[in-house]
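Just need the whole structure built from these sequences, with the hints factored in.
Protein chains: 10
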Amino acid sequence: MVGRGKEDLPEITQLGNQGTKYSFEYDPGVLETFENNHPTRDYFVKFNTPEFTTLCPITGQPDFATVYISYIPDVKMVESKSLKLYLFSFRNHGDFHEDAMNIIVNDLVELMDPRYIEVWGKFTPRGGISIDPYVNYGKPGTKYEKMAEQRLLYHDMYPETITNR
Amino acid sequence: MVGRGKEDLPEITQLGNQGTKYSFEYDPGVLETFENNHPTRDYFVKFNTPEFTTLCPITGQPDFATVYISYIPDVKMVESKSLKLYLFSFRNHGDFHEDAMNIIVNDLVELMDPRYIEVWGKFTPRGGISIDPYVNYGKPGTKYEKMAEQRLLYHDMYPETITNR
Amino acid sequence: MVGRGKEDLPEITQLGNQGTKYSFEYDPGVLETFENNHPTRDYFVKFNTPEFTTLCPITGQPDFATVYISYIPDVKMVESKSLKLYLFSFRNHGDFHEDAMNIIVNDLVELMDPRYIEVWGKFTPRGGISIDPYVNYGKPGTKYEKMAEQRLLYHDMYPETITNR
Amino acid sequence: MVGRGKEDLPEITQLGNQGTKYSFEYDPGVLETFENNHPTRDYFVKFNTPEFTTLCPITGQPDFATVYISYIPDVKMVESKSLKLYLFSFRNHGDFHEDAMNIIVNDLVELMDPRYIEVWGKFTPRGGISIDPYVNYGKPGTKYEKMAEQRLLYHDMYPETITNR
Amino acid sequence: MVGRGKEDLPEITQLGNQGTKYSFEYDPGVLETFENNHPTRDYFVKFNTPEFTTLCPITGQPDFATVYISYIPDVKMVESKSLKLYLFSFRNHGDFHEDAMNIIVNDLVELMDPRYIEVWGKFTPRGGISIDPYVNYGKPGTKYEKMAEQRLLYHDMYPETITNR
Amino acid sequence: MVGRGKEDLPEITQLGNQGTKYSFEYDPGVLETFENNHPTRDYFVKFNTPEFTTLCPITGQPDFATVYISYIPDVKMVESKSLKLYLFSFRNHGDFHEDAMNIIVNDLVELMDPRYIEVWGKFTPRGGISIDPYVNYGKPGTKYEKMAEQRLLYHDMYPETITNR
Amino acid sequence: MVGRGKEDLPEITQLGNQGTKYSFEYDPGVLETFENNHPTRDYFVKFNTPEFTTLCPITGQPDFATVYISYIPDVKMVESKSLKLYLFSFRNHGDFHEDAMNIIVNDLVELMDPRYIEVWGKFTPRGGISIDPYVNYGKPGTKYEKMAEQRLLYHDMYPETITNR
Amino acid sequence: MVGRGKEDLPEITQLGNQGTKYSFEYDPGVLETFENNHPTRDYFVKFNTPEFTTLCPITGQPDFATVYISYIPDVKMVESKSLKLYLFSFRNHGDFHEDAMNIIVNDLVELMDPRYIEVWGKFTPRGGISIDPYVNYGKPGTKYEKMAEQRLLYHDMYPETITNR
Amino acid sequence: MVGRGKEDLPEITQLGNQGTKYSFEYDPGVLETFENNHPTRDYFVKFNTPEFTTLCPITGQPDFATVYISYIPDVKMVESKSLKLYLFSFRNHGDFHEDAMNIIVNDLVELMDPRYIEVWGKFTPRGGISIDPYVNYGKPGTKYEKMAEQRLLYHDMYPETITNR
Amino acid sequence: MVGRGKEDLPEITQLGNQGTKYSFEYDPGVLETFENNHPTRDYFVKFNTPEFTTLCPITGQPDFATVYISYIPDVKMVESKSLKLYLFSFRNHGDFHEDAMNIIVNDLVELMDPRYIEVWGKFTPRGGISIDPYVNYGKPGTKYEKMAEQRLLYHDMYPETITNR
Ligand SMILES: [Ca+2]
Ligand SMILES: [Ca+2]
Ligand SMILES: [Ca+2]
Ligand SMILES: [Ca+2]
Ligand SMILES: [Ca+2]
Ligand SMILES: [Ca+2]
Ligand SMILES: [Ca+2]
Ligand SMILES: [Ca+2]
Ligand SMILES: [Ca+2]
Ligand SMILES: [Ca+2]
Ligand SMILES: [Ca+2]
Ligand SMILES: [Ca+2]
Ligand SMILES: [Ca+2]
Ligand SMILES: [Ca+2]
Ligand SMILES: [Ca+2]
Ligand SMILES: [Ca+2]
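In order, the protein sequence lines correspond to chains X, P, W, Y, U, L, A, B, S and R. Heads up: the first sequence begins at 222 in the working numbering, then just goes up one per residue. Heads up: the second sequence begins at 222 in the working numbering, then just goes up one per residue. Heads up: the third sequence begins at 222 in the working numbering, then just goes up one per residue. Heads up: the fourth sequence begins at 222 in the working numbering, then just goes up one per residue. Heads up: the fifth sequence begins at 222 in the working numbering, then just goes up one per residue. Heads up: the sixth sequence begins at 222 in the working numbering, then just goes up one per residue. Heads up: the seventh sequence begins at 222 in the working numbering, then just goes up one per residue. Heads up: the eighth sequence begins at 222 in the working numbering, then just goes up one per residue. Heads up: the ninth sequence begins at 222 in the working numbering, then just goes up one per residue. Heads up: the tenth sequence begins at 222 in the working numbering, then just goes up one per residue.
Just so you know, these hints were derived from the structure itself, not from any lab. Since we're looking at a predicted model, the values are computed, not measured. Warning: the hint list may mix true and false statements.
[Unchecked claim] Here are the simulated lysine to any residue pairs, SDA-like style, with alpha carbons at most 25 angstroms apart: (1) R:242 with S:242; (2) Y:360 with Y:248; (3) S:367 with P:375; (4) W:297 with A:242; (5) S:227 with S:251; (6) B:367 with R:375; (7) L:367 with U:370; (8) S:364 with X:234; (9) B:364 with B:384; (10) W:367 with W:314; (11) S:242 with S:258; (12) B:367 with R:379; (13) B:364 with R:376.
[To be verified] Chain R regions said to be covered by chain U (calculated; three or more residues, Cβ under 8 angstroms): (14) 254 to 268; (15) 280 to 294; (16) 360 to 371.
All C-beta atoms in this analysis are idealised placements derived from N, C-alpha and C, irrespective of residue type, glycine included.
Quick look at the structure:
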C-alpha cells in the first residue's frame, strides 16, 4: 500500500487544524516533523516561501523577502504548515538579513538533523540596494559536509537580473 | 529502413485507442512499455507533465503540480499515453508531495528498469508555501548510481523565482 | 526658479526623519500632504506598493498583496513616506481584501480630496485562488465622476496570466 | 470602525473550517455569500483560479484550465473558500469547455445577482489546439447590460502568445 | 441538468474516434458542428492553433504560423477535433499567407454562419520578414457587422516585439 | 478553387529568384505588387522587420531598428521579398529616424495606394536614448482618414519597458 | 530627394560634436531643435530615456527613473543629443518626482511648441514604494487639447507588475 | 584574405538555388557539406530549427518540435540549406520522437564524421504530455567520446518551465 | 537570544541616520563594517545595486550599470547603507568600466578582508556596445584563492540575451 | 590615485573623436588597445554587440547577429569604440557565419594576445534555421589553453528557446 492517511500522522497538529494560532513572537517551538518514509534514498525537498517579512532591528521598518529552503532529509522531515507558522513568527521581530538566514538554518538543523540544508533569502531593496544571503550546511564528518562546501563553491554564478522594478 | 509502424508495436494498447478507460484508483498496472531501438547508446527522454493533480491526505483538498520525468532507457521505454493514464490515477488519491514523487520513481523503476531516472514535482502553494520534491535513481552497482549521486550534489543551485502569482 | 527644498516643506515630518515610528494599529492619522504645484493641470501620480501585508479577519493568517494607487491631485498631494507608514498600519490588522481596498480609497479621498483616484490590490492565493479588488472614485458632480465610471467600464479586459508559481 | 470580524459573518461556514468536505458531484449548493459593505460604489472583484480541472464528456480524459472570474457586486458577494469548493465539484464531471463557462456564469448570477460578471476559461491544448471561452453578463435593463455588450465588443483584441510549451 | 454526454452529440464523429484520417488535400468538408446551447447569449470562443503549416505557392518551401480564431456563435459551433483536421489539410497545400487567412474565414462563415469571427495568422520569418494577416467578419446587416468594423479600427495598436529569435 | 500558383503571378519577379540583386542605393523602384484577391473586405497585413539598418546622416554611424508596417490593402498588395530589397536599400544611406519612417510611408502609399497604412520604427539607443517614430496615413476623404486620426489619438499609451540591455 | 545631410542642419551643434560639455546645473538652455520636414502630417516621436537620475530635495539621496517622452511635432523638433544633455542637467539637482516631470513638459513645450506631448517617469523604489508621475499637454484651443484629456482619461489602466526586484 | 565566395564552394548546390525541390520522402541524401576552414580548432556550431514537423507512426497525426543541433566539426561541415531540406523530408513521415532524434544523429554522423554532436528535440504536447529526447555522440576512442558521456551526466538539470500554453 | 539591536551596533553610524551626507568625491572612507556573528560558517552575502552611475573619463558623459557584489565574510561585514554612500561617491567621478570594477574589489578587500569576493558590472551600451567586467578575489594562500580561480574558469558561460532595448 | 584620464591614454584615438570614419572594407587595422592596469589579476571583460551585420557570401543577402565577446586580458585591452569600428567593417562584407566568428577570434588574439577569449555569434534565421557558432581560445601552453578546452566541454548545455518570432 502506498501513501499515508491522517491516522498515520498523529504528530501533525497544525495541518488541517481550524484553530491555528499565529505567534507574533519569534518561536522555533512551533515547528513539527513527520517521519521520512524513504530514508534509504537521498532526495531533495524545496520550500518556496515568497511571503516572508520581518523588521529592521535599527530602523524598525518592515523588510520583505522570498526565502528558498532546500534540504535532504535524514529521519525527520519538517511539516509545511508548521514551517509557515515558524516563518510567521519573524513578522514583528528584528534581525539583520544575514543573521535571519543563519538562524533559520540553525533552527531547522536543530529540528530535523537533516543530511544537508540550504537557505537563500532574496530581500527587496532599501535605498536602491537589495541583499541576498545564502547559507548552507552538511552534516559534519559526512559526505554532505563536502557537498555543502562544493555547492558554496559554485553558488550563484549567474546573478538574476535586478532592476528594482 | 528507419522508423517503426503500428504493426511493430503490438504491445502498445493505449496509444490511438478510442475506448481509453481512465482509472480513478491509483494504478501502476496501466503502464505499458515498448522496446528501446538504440540500446547501445546512452540518451535522455524527458516527459513534461504540467497537468498532474492529487488530493491532500490530511485535508482532502486538491493539489496541483507540474512533474518533470527524465530517464536514460535500458531495454524498455515507457509509452507516453500509458504514462498519462498512470498519472491520472493519482487524481482522486491522497499522498504527501514528497511521497508521491518517490512512488513515481519506484513504479517506473519497477516497470522499465532504466539506467537512470529522476522526477521533479513543482506544486502550487498552500498558505503561501509551495513544495518541490526531487527524487533520482541510478541502477545500483553501475556508473549510473554515481551519476545519480553527482546530479543530486549539484541539484537546483538556481531556484526559479516564485511569487505565488 | 524650478523645484523646491526642505525649507519649503515644513508640513513634511516623516521624509528624512531618523526617528520614524511604525504604528501597528490601523492609523490613517499618519498620512501627510504637501501642496500641488501644478493645480491647473490634470496629471496622474501612481504609487507601486508591492510590500502590503495584512491579516485574515477569520483565520488570522497573513495576507500579502501588491497595491497600485493612482490619482489626479487637486490641491493636496499625499507624501510617499507617510503613505508607507499608513500602509504599514494594516500589518497586524484584519480585513477582507475587498474591504481593505475600499478603506484605502476612503481614507485617501478624505485626506487629499483628489479629482480622481483608483486602488487595485493583487493578493497572493489561498487554497489556489487569489483575489484582486479594484476600486475607483471621481469627485461627485464633476467630469471625474464620469471618468471613474468610464474606467470601470473598461477595467481589466486583459487579466494577467496567473499560475500560482 | 473599519473592517469586520468572525462574529460579523455567521453565514460564512467554510472559511477557516477544519472539517471541509470536497464534493465530487457538481454542486452549486456549496456556494456561500456575505454582504457587500460598499453597495453605493461600483467596484470590481476578480478571482484568479488556475487550478480548475474537469473531464471531457466524450473521451473522459481530464481537462485543465485557468479560469478568471470578475464581477461588480450588488448586495451579495461570493465567499472565496466556497467558490473553491464549487469549482472543485467539476473535478470528476464532464462538459464541453464552452458549456462549463456558461454554467459558471449562470450559477454565480443565480447566487449573487451581481450588477456585472464575466468568466474567461483558458484551457490547455488537446491535439495542438486550445479553447478559451469568454462569457459575460450585465443585469438586464440596467447600464450593466450595455457594459457587457461593450466589453464583448472589445474583448481580447490582443490574443496572448500561445506556443503549447 | 447541466452538461451533455456522448449520446447527445451523434453529429460529432471525429472527437474520440480511433480511426481518424488526416487528409493531405485542402478539405473544408471535414469540418463538423454541434449546436450552441446558449444562443440567447453573445459570447466568444477562441481557438489557439500554434501548429499550422502550409507551403509557399511560389517556392514550395514550408511556412509555419500560429493562427488565432475567435468567434461569437449563432446556432452552430465548430467542433475542435474537426477544426484540427481542417487546418491539417493545408499541410501540403500552397497559398499566400494573406489568402490562407481569408479562406479560413470564408470556410468557417460558410460552415457555422457565426455572428462574428476573426482570424489572425502570425507566421515565422522568411528572409528576415514575417507576415501577420488579420481578417474579420460580422454578419451583414447586423450589429456584428459594425463590431467587425470597430475591431478593425483598433486592431493591433501594440505590435508584439519581434526579434526573429 | 482557392489559392494561387506561380503561373498566376507573372508580376512577381523577386520571390524565389536565385539571382536577387541587393541595391546599396536607396531605391523604391525595387518594390513590386500583386493583386488583392479579397478587395471587398477590409483586413490588415502586418510586416515585422527586425533587421532594418541605416546610417546617421550627421555622424555616419550605423543605426538599427525593428520596423513594423501594417496596412489595409485596396487593389494592390506589396510583395514581401521586394519589400525586403527596398528596406535593404537604406543600408548605406543616411537619414534622421523621423524622416526615414515618413519616407517609408510615402513610398508605400505611392506604390500601393492602400486604404490605410502605419509604420513604427523602434531604434536602438545612442548615448542612452532611443527614438521610436510612428507615422500613419488614411486615404484622404475616406473613413480611413478618420481611422488614422483615431489610431494616432490612442497611439502607444503603454510604452514598452526599455532598459537599454 | 529624400533625407538630409549635415550641411542642412547648421542649427545642430551637439550631435557629432567631440567637445560636448555636460552641465551639472539644471539647464534648459542646452536644448536644440531642427525643423519638422513633414508638418502636414500628425505623427508621434518617442524618446526612451532609461538613464535619468536626480537628487531628492529633502534627503539628498540619488533617485533614478526611466522617462518616456512622446510628442506630435508642429514646426520644431527636439534634437536627441541636446535632449540628453538637458536630462543630464538634472543629475545633481533636487526635485520631487511629480515636479520634475511637470518641469520637463513645461521646458519642451516652451522649446518646441508641439501639438501634443506627454512625459511618464517611472522611478525606482524608496522604502518599498515607487512613484510614477504622468503629465501630458495639448495645444490649448486645438483638437490636441482634447486629445490630452482623452489620453489622461484612459491612462495606465493596466499598471505594470512591480515586484521591487 | 579572409572569407570565401561562391566560386570556392562548387559543392554547395542548394544555397541560393532558385529551383529547390522539397522531397516529401525521408531523404538523408539531400544533405551537403563544405570544408571546415578551421580544423585545428575545436569549436561549436549550433542550428536552431523551430519548424520541425513529422507524423505519429501510430495515429498519423502531425507532431511538431523545435530541434537543437550542435556539433564540433572535424573536416566536413553540414550546409544549412541542405539541412533544411533534410529536416523537411520528415514532414510526411512517421516515427516515435525518441527514434527521430536518434536517426538525425546517425545521419549527421554518417555525413560529416564530426568530433562531437548532440540533438535535442522539444515536442509539443499530446494529451497534456510533451516529450523531449536528447541524444549525443562523441567520436569513439577519442576525448570527444568522454565529452559526450560528461555532457549526458549533467544534461538538463534545470528543466524549462512548461505550462502547455 | 537571537538577533541584535541598535545598542549592539555602535559602529554603525549611517543606517537610520537622518543627516546622511552624500559625498560627490570618490571616497572609500565612508564604508563601515559590523562584526560577523557566524564566523565558523562559510556563507554568501550578495548586494544587488542597479543604481550605479559614473562618468566616462574621456568624454565626460554619464555611464550606468547594475553592479552585483557577492562575498564570503571573514570577521568583518560591510554595512549596506555605507556601501550605498560609497557607490554614490563614483557619481561625478571618471573611470574606465574595467578599472571601476577592479577598484571596488580592492576597496572592499581592504575594508573587510573577506574570504572571497566578486564584483560584476553590467553597463548600458554606448554606440551599440555594452561592457560587462567581472572581477573576483580569494584570500591568497587559502582555499578561497582556488575558489576564485575555479569560478573564473566557469564564469558566464551563458551570456544573457542583450538587445539594447 | 584611482582611475585614469584622457591625458593617460594618448593611444586612444577613436573614443570621443568627432571625425570618426567608418570603413566599409573589412579592416582589422582600426582596432586600438590600451594597457591593462590590473595585470596581476585574472578577470573577464565582456562586450555585448547586438548590432552586428554582414552579407551572405553566396546570395549577397544581409545577415544579422548578436555577438558576445568575452576575454581575460594580459597586457593589452581592446578599446570599445575601435571594436565597434572593426565590427562595422563586416557590414558590406561576405562570410559564412562559422568563418566570421573564427576570424574575429583570430584578429583579437593577434591584437591583444589575451590569456583567454571566446566569441559567440547568434544569427537571425534564414528559411527557418538560425546558426550560432561559438569559438574560443586559450594561450597555448598555459592553463588558459586548458580553460578553453574545459569551457568548450560544457558549452551551451541549455540552448535558449528559439521560436523565430
Ligand atoms: Ca498561497
Ligand atoms: Ca511568478
Ligand atoms: Ca495556490
Ligand atoms: Ca505566474
Ligand atoms: Ca503545438
Ligand atoms: Ca527567416
Ligand atoms: Ca523574439
Ligand atoms: Ca545607450
Ligand atoms: Ca530590456
Ligand atoms: Ca527601495
Ligand atoms: Ca523586476
Ligand atoms: Ca496537449
Ligand atoms: Ca508557455
Ligand atoms: Ca546602442
Ligand atoms: Ca533586452
Ligand atoms: Ca523567440
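Here is how each hint holds up against the structure:
1. As the CA atoms of residue 242 of chain R and residue 242 of chain S are separated by approximately 45 angstroms, the hinted pair breaks the 25 angstroms bound.
2. The straight-line distance between the Cα atoms of residue 360 of chain Y and residue 248 of chain Y is roughly 24 angstroms, inside the 25 angstroms bound, and the hint therefore holds.
3. Distance check on the hinted pair: residue 367 of chain S and residue 375 of chain P sit about 19 angstroms apart at the alpha-carbon level, within 25 angstroms; holds.
4. Among the hinted pairs, residue 297 of chain W with residue 242 of chain A is inconsistent with the structure: their alpha-carbon atoms are about 39 angstroms apart, more than 25 angstroms.
5. Among the hinted pairs, residue 227 of chain S with residue 251 of chain S is consistent with the structure: their alpha-carbon atoms are about 19 angstroms apart, no more than 25 angstroms.
6. At roughly 12 angstroms between alpha-carbon atoms, residue 367 of chain B and residue 375 of chain R fall within 25 angstroms of each other, so this suggested pair holds.
7. At most 25 angstroms may separate the alpha-carbon atoms for a hinted pair to count; residue 367 of chain L and residue 370 of chain U meet this at roughly 13 angstroms.
8. For the proposed pair residue 364 of chain S and residue 234 of chain X, the alpha carbon gap of about 46 angstroms is over 25 angstroms, so the pair is violated.
9. Taking the CA atoms of residue 364 of chain B and residue 384 of chain B, the gap is about 38 angstroms. The hint is violated against a cut of 25 angstroms.
10. Annotation: proposed proximity of residue 367 of chain W to residue 314 of chain W is violated, straight-line Cα distance about 34 angstroms (limit 25 angstroms).
11. At roughly 29 angstroms between alpha-carbon atoms, residue 242 of chain S and residue 258 of chain S are farther apart than 25 angstroms, so this suggested pair is violated.
12. Distance hint between residue 367 of chain B and residue 379 of chain R is fulfilled; the C-alpha atoms sit about 19 angstroms from each other, no more than 25 angstroms.
13. Between residue 364 of chain B and residue 376 of chain R the CA atoms are separated by roughly 15 angstroms; this keeps the pair inside 25 angstroms, and the hint holds.
14. With 0 residues carrying a beta carbon less than 8 angstroms from a beta carbon of chain U, the segment 254 to 268 of chain R misses the three-residue requirement, and the given coverage is violated.
15. A stretch counts as covered by a chain when three or more of its residues have a beta carbon under 8 angstroms from one of that chain; for the segment 280 to 294 of chain R and chain U the count is 3, and the coverage holds.
16. Beta-carbon proximity to chain U at under 8 angstroms applies to 0 residues in the segment 360 to 371 of chain R; the threshold of 3 is not reached and the given coverage is violated.
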